[in-house]
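*Asks:* Sequence:
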Amino acid sequence: VLNNPNLINSEIKKYFEFDKNKIISAAKKYLQKNKRVVLFYMPEKN
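For the sequence shown, our numbering gives the first residue as -18, with consecutive numbering after it.
Watch out, some of these pointers could steer you wrong.
[As the list claims (entries may be wrong)] No farther apart than 30 angstroms at their CA atoms in a straight line, the calculated lysine-lysine pairs in the DSBU-like style are these:
| no. | residue 1 | residue 2 |
| --- | --- | --- |
| 1 | 10 | -5 |
| 2 | -6 | 10 |
| 3 | 26 | 9 |
| 4 | 1 | 16 |
| 5 | 14 | 3 |
| 6 | -5 | 9 |
| 7 | 1 | 14 |
| 8 | 9 | -6 |
[What the hints assert, rightly or not] Beta-carbon label-pair distances, calculated as ranges:
| no. | residue 1 | residue 2 | range |
| --- | --- | --- | --- |
| 9 | 27 | 5 | 43 to 53 angstroms |
| 10 | 1 | 26 | 42 to 52 angstroms |
| 11 | -11 | 18 | 48 to 58 angstroms |
| 12 | -9 | 27 | 52 to 62 angstroms |
| 13 | -4 | 27 | 43 to 53 angstroms |
These are computed hints drawn from the structure, not numbers from a lab. What you are looking at is a predicted structure, and each value in this text was computed from that prediction instead of being measured. Glycine included, C-beta positions come from ideal geometry on N, C-alpha and C.
Hey, can you work out the whole structure from these sequences and the hints?
*Replies:* Following this line, the structure appears as structure tokens:
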């Protein structure tokens, strides 16, 4: 879309083709609490 603004007219169709249930199913499969990394950034002490 960066080099061709007219692509927005055809690319937008891809976003409306997403199936809500497929997204939820994939999220439950891949975004599990026991398979994640949590990173905390702490400010430096002066």
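*Asks:* For every hint, state whether the structure bears it out.
*Replies:* Okay, the hints, checked on the actual structure:
1. 10 <-> -5: holds, 23 angstroms
2. -6 <-> 10: holds, 26 angstroms
3. 26 <-> 9: Answer violated: residue 26 to residue 9 is near 39 angstroms, above 30 angstroms.
4. 1 <-> 16: Distance of about 23 angstroms is within 30 angstroms: holds.
5. 14 <-> 3: Holds - the C-alpha atoms of residue 3 and residue 14 are around 19 angstroms apart, at most 30 angstroms.
6. -5 <-> 9: holds, 22 angstroms
7. 1 <-> 14: holds, 21 angstroms
8. 9 <-> -6: This hinted pair holds, its Cα atoms lying about 25 angstroms apart.
9. 27 <-> 5: 43 to 53 angstroms: holds, 46 angstroms
10. 1 <-> 26: 42 to 52 angstroms: holds, 46 angstroms
11. -11 <-> 18: 48 to 58 angstroms: violated, 35 angstroms
12. -9 <-> 27: 52 to 62 angstroms: holds, 54 angstroms
13. -4 <-> 27: 43 to 53 angstroms: holds, 47 angstroms
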